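*Asks:* Please build the complete structure, drawing on both the sequences and the hints.
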Amino acid sequence: MSFAAAQEINATTETITSLLPVVAVLFPLAGSVLVLLAGLYAEKFRSALAVLTALVTFGLVLAIYPLVQHGTVIYHFADVMEYGLFFRADFLSFLFAALFAGSWLLATIYATVYMKKEASQTRFYVFLLSTLGHCLGVVLSGDLFSLFLFFELMTFSSYVLVIHRQTEQAIRAGTIMIYMGVAGGLSLLMGIFMLYWGVGTLELAPLLEEIMAAGINPLVVIPLFIVGFGIKMGMAPLHIWLPRAYEEAPSPVNAISSAAMLKAGAYGMIRILTMVFTPATPGAAVAGVEIVKYIGFAIIWVGIITMLLGATLAILQNNAKRILGCSSISQMGYILMGIGVATFLGYEKGAMGFAGSLYHIINHSVFKAALFMMVGAIYLTTLNVDITKVRGMFKKVPLVAVTFLIAYAGIGGIPGLNGYVSKTILHHAIVDAHKYGHAQSLLFAEKLFVLASAMTLVYFAKLFEGLFLGRTRPEDDEKSFKVSWVIKSLLILYSGIILAIGVFPEFVLNRLVIPAAAGFSFDPKNVAYVAHVNVWAWQDLKEPLIVFILAAVLYLILDHARAFTWKPPEWLSVEFMFYLPLTRFFFQTCCRFGASFDTAINQTYMKSGKVASAMCTYITSFDSSINDAYEKSGSVARKIVNQTERFDSSINDAYEKSGSVARNFVNQTERFDDALNDAYEKSGRTAKRLVNKTAELDGALDDAYEQSGYRSRSLWDRMRGRPSDWNIKNLNFDSLLMALMLGLFLFILIYYTKFA
Amino acid sequence: MSIVNHFPVLAVVVLLLFAYLMPLLMRWRKEWCVPATLGAIGFSLIASLYMMWQVMTTGPFMYQMGSWAPPWGIEFSIDYLAVFATMTITIVGLIVIYYGTQDLLHELKEQVMGWYYTLYLLLMASMIGMVLTNDLFNMFVFVEICAIASCGIISIKESRECIEAAFKYLVLSAVGSGCLLLAIAMIYMVTGHLNFTYVAQALPQVMDLYPLNILVSLALFLVGLGVKAALFPLHVWLPDAHSSAPSPSSAVLSGLVIKVYAIAMIKLLYKVYPPELLGMAPIMNMILWMATLAIIIGSMFAIVQDDIKKMLAYSSIAQIGYVFLGVGLMSESALQGGILHIFNHAIMKSMLFLSAGAIIYATGTRKLSDLKGIGITLPVPTIAFSLGAFAMVGIPITNGFISKWYLALGSLDVGRPFFAAVILVSSLLNGIYYLPIVVNAFFGEPEGAVAEPRPLPRQMVVSLILLGSGVILFGVFPSLILGVVSKAAQSLLGLL
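Keeping their order, the protein sequence lines are chains C and S. Residue numbers for the first sequence follow my numbering, beginning at 1 and rising by one. Residue numbers for the second sequence follow my numbering, beginning at 1 and rising by one.
By construction, these hints were calculated from the structure, which means they are not laboratory data. Owing to the predicted nature of the structure, the values given are computational and were not obtained by experimental measurement. This list has only true hints and no planted wrong ones.
Under the rule of at most 30 Å between Cα atoms (straight-line distance), these lysine-lysine pairs were calculated in the DSS-like manner:
(1) C:K607 x C:K682
(2) C:K116 x S:K372
(3) C:K754 x S:K271
(4) C:K435 x C:K542
(5) S:K372 x C:K117
Computed footprint of chain S on chain C; a stretch qualifies when at least three of its residues, placed anywhere within it, have a C-beta under 8 Å from a C-beta of chain S:
(6) 151-159
(7) 167-178
(8) 739-749
C-beta atoms are modelled at their ideal positions from N, C-alpha and C, and glycine is treated no differently.
*Replies:* See below:
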């Protein structure tokens with residue numbers, strides 16, 4: 001493609017309003033409903049209907065192709081969800097959508113065989129198709145809001161696929177996946193909030209000038225997006241959900257998740273870094289460009305680390321699916337590095353990294369899906385893919401072994417196969433980054449890139465040796481390894497694609513990758529240069545040779561040191577070092593907070609109880625003193641009466657009657673007095689008993705509280721043991737709390753109010 | 001003078017009238033109770049919809065009781081916020097009691113059914129009165145009716161926990177009412193008025209003369225309404241009360257009653273107290289921090305619960321925090337978000353409580369750990385529960401997302417991104433306690449009573465479907481409700 005043509009592509013700005021992207025997204029969703037109905041009423045059409053839906057979706061996506069050649073396809077629903085849903089397809093979107101729909105079609109066909117014996121197939125197909133719709137939505141949406149919507153939906157619908165088997169490990173893997181997905185989604189949402197608040201639009205278009213004008217710091221916003229998309233992408237150190245999820249999910253799900261769902265994260269990353277955070281006038285030196293450049297530099301390194309970490313993990317695994325999962329992490333590192341280079345070098349020289357990562361996305365979708373299908377084909381018979389147990393499959397399934405070798409050569413970057421081209425372009429990119437970016441450390445990065453490629457060869461050698469060579473288990477000898485013709489033809493198709501891309505690399509580069517650069521701010525000269533890059537030159541061809549030798553040496557060393565069977569201690573994992581303490585800390589805080597809250601209340605309660613009992617004692621003593629006083633006053637009264645009586649009798653007899661009346665009266669008073677006395681005594685005793693009772697109750701409650709406090713200290717007991725009673729039963733305390741709050745409010749209000 | 005002109009007062013009075021008719025009907029015409037209750041609330045719904053139409057077309061208006069002019073007579077103010085709130089109350093109240101007509105049969109003794117309807121109608125009447133009234137003392141009267149009726153619908157289920165919880169609620173809310181009365185007295189002391197409009201006119205003049213009176217009244221209102229709205233840390237009564245009550249009561253208490261006090265707070269802060277005062281006193285910051293604590297700590301408490309209704313009750317504490325967050329941020333979007341969340345949370349939380357009630361009705365268990373596989377045996381309540389859970393987490397296409405969107409944008413508008421982060425962190429916390437339930441419900445093997453549930457009556461299923469479709473409808477087309485919400489926010493902030 002000539003320079004002029006490349007420029008022309010960059011200049012296409014025509015917008016076409018068409019419902020096609022919307023239909024492409026909605027069709028699989030509608031299809032999933034049909035499959036659900038079929039599952040309920042006509043089970044035999046279910047899988048056929050699913051394949052048909054995937055096929056039509058693929059067709060619909062391909063139908064976008066003629067449109068995106070001329071410009072951007074858009075469709076806008078203004079009234080939905082207040083912000084409005086915005087669909088938009090440019091060439092990049094189309095490329096991703098076609099990749100997704102194609103991979104999905106093949107995976108769905110594969111699933112019709114693979115899932116035959118599994119339970120709840122209807123659910124599987126329903127969610128398989130709805131996930132397709134959501135994935136297409138991610139790449140066909142025109143603003144970050146719609147993208148976020150479909151991204152979240154994808155997280156949830158893919159969850160159901162991952163935990164399909166519903167075993168304990170599957171649920172655990174799914175739990176980690178969904179929490180990380182939700183956390184990533186929220187991080188994304190925060191970034192979206194900040195962007196929307198500052199710029200007032202969420203369009204996927206170069207916005208850097210406006211972002212800087214709004215005073216948003218890209219150093220805050222971009223990391224939010226990177227975390228959000230990085231989790232989906234398996235970026236280190238956010239990759240921990242990936243190996244587990246891959247081990248537990250059925251093979252068709254593995255195929256689509258490495259072919260599509262990981263790529264959805266990469267898509268977001270590309271859109272944010274190389275589109276939204278670039279200046280609207282290509283190549284303009286705006287304030288934020290430098291900052292974005294540094295972020296690009298950081299991403300190159302994150303990519304390199306991801307690459308190496310994934311490869312190291314893959315070397316240490318023994319489960320074939322897990323090896324492939326870790327390999328996906330490693331390969332996503334390549335893609336991330338390419339995106340990093342594109343961001344780092346920006347307008348002038350960034351096209352190489354962009355093209356490399358896009359090319360690698362296509363390639364990885366092909367060979368990783370193929371590899372997962374192969375491992376799945378073996379799993380169907382052996383029901384196990386642990387390479388220390390299941391061995392010697394070469395003799396049993398020779399076709400799978402041969403296609404495996406082809407895919408192996410593809411992913412390993414052997415010249416003549418597809419991986420070679422993308423890895424060479426990526427290698428060019430990292431060399432460019434060193435050369436034009438004036439960063440000495442990137443020289444070292446280039447070396448690590450080569451090392452990671454060698455490690456790729458090593459772990460695949462381990463996988464091949466383990467799975468296909470060696471002696472078969474006795475129980476596997478008896479089984480018949482008849483691979484269905486559907487799977488066979490799928491594997492052959494995939495091998496054909498791998499070979500075809502390897503032999504005709506220019507087709508993919510010039511027809512798919514380079515046109516996708518339209519709309520991105522890359523120097524047309526640079527794009528033209530990338531389009532003409534020659535991957536068959538000696539300095540490129542020698543790289544695989546170096547990699548090969550390095551891999552051989554590495555393999556021998558590792559084999560000698562028995563590193564393949566070495567089980568790393570658990571504390572070495574990121575999960576153990578970082579995530580586990582974090583979650584533990586969180587739950588402990590939750591519980592400790594509750595416990596200390598509990599204890600504080602307990603103490604208040606105890607105190608108030610003590611005060612109450614002290615008050616009771618005081619009242620009793622007061623009572624008894626009153627008693628005494630009465631008694632005394634009673635005797636005084638008697639004395640007085642006696643005296644009065646004497647006085648009465650001695651002075652006047654005439655008053656005898658009245659005297660006796662008085663005596664009667666006095667007697668009565670006395671009796672009354674006695675009765676009162678008794679009553680008081682009794683009430684005093686009762687009060688005392690009450691005090692004792694209260695004290696007892698207090699003690700019992702105290703015990704209960706103490707116990708509950710103790711319980712709350714032991715974490716999981718607290719979590720799952722019995723319902724929590726973190727509730728304040730004591731009214732005293734509640735009223736105290738209210739008084740306290742009132743006091744606090746009054747204090748704050750009166751103290752801090754500044755009257756004018 | 002046609003009857004529609006009196007709809008504001010009739011919306012309250014008809015409910016009160018039917019409330020007192022219920023025990024009589026129970027004695028002589030038992031089968032009329034349910035239609036009469038539904039009819040009365042239905043009438044209020046029609047009245048509130050009519051008022052809404054009136055307000056949206058011709059603007060807010062005042063209704064004078066018995067045509068007595070304001071300084072002497074009682075006034076109802078039919079503005080955007082009031083019609084929004086009455087509509088929320090009547091719609092949700094109608095759906096909840098329709099559900100309750102079946103659910104209550106198994107939770108209550110037969111002879112108290114009539115009383116339940118009485119209390120429920122009283123509660124509805126007092127809530128509508130509270131949001132419509134434009135008079136401080138009238139508001140206090142409705143607050144008291146509301147408190148008594150709430151206690152009634154908790155303690156009507158004669159179990160130990162219910163009585164205990166209701167007693168606690170009664171005492172605390174009585175203290176709260178005391179605070180309110182004192183606050184009203186403080187205001188009356190300095191202004192000589194009880195009518196909101198007149199008080200609002202008088203306050204700026206007396207602000208410099210009697211600053212302490214006004215500040216004290218503010219603190220008393222905050223405590224009094226705070227304890228009734230269960231604003232952290234005054235929430236202590238809520239978990240017991242909302243979890244032990246019969247499910248329809250829990251739904252209406254959590255979904256509506258605590259919000260009504262929030263609306264009263266909004267009216268007082270934005271319509272009665274002068275804006276200058278709010279600028280000088282740190283009241284909004286206090287509300288903000290209490291709301292933040294409520295959001296975080298309420299969720300933290302909810303995480304460790306194993307009783308489904310208790311968990312929902314703690315979640316309500318967190319959710320009322322959102323409403324107050326919107327109130328405290330003082331920006332248009334945030335206030336919109338807060339007011340919108342009143343409606344959204346009313347739908348979600350009543351749906352969650354009702355679906356929890358349906359699960360308890362059908363299986364008899366209320367422990368979360370026993371609910372494995374319930375999604376297979378009881379699809380409708382479990383799907384409703386899951387929808388509510390997703391809305392709580394704030395997944396797009398549910399209405400919870402929309403309120404969070406506005407709240408977060410509002411917090412950014414006033415330059416406080418910290419609160420946007422709080423909202424997102426709390427979404428994650430919500431996820432931590434809601435999602436495992438959903439997962440367990442759909443991907444576990446049903447055991448015991450969960451495997452063979454009682455069939456659910458039609459009323460329960462219909463109510464759950466109605467509320468569930470509301471969650472989606474207002475999530476996808478929020479503009480249906482946002483019109484009145486944004487008008488309400490604008491008029492409160494004086495932008496209209």
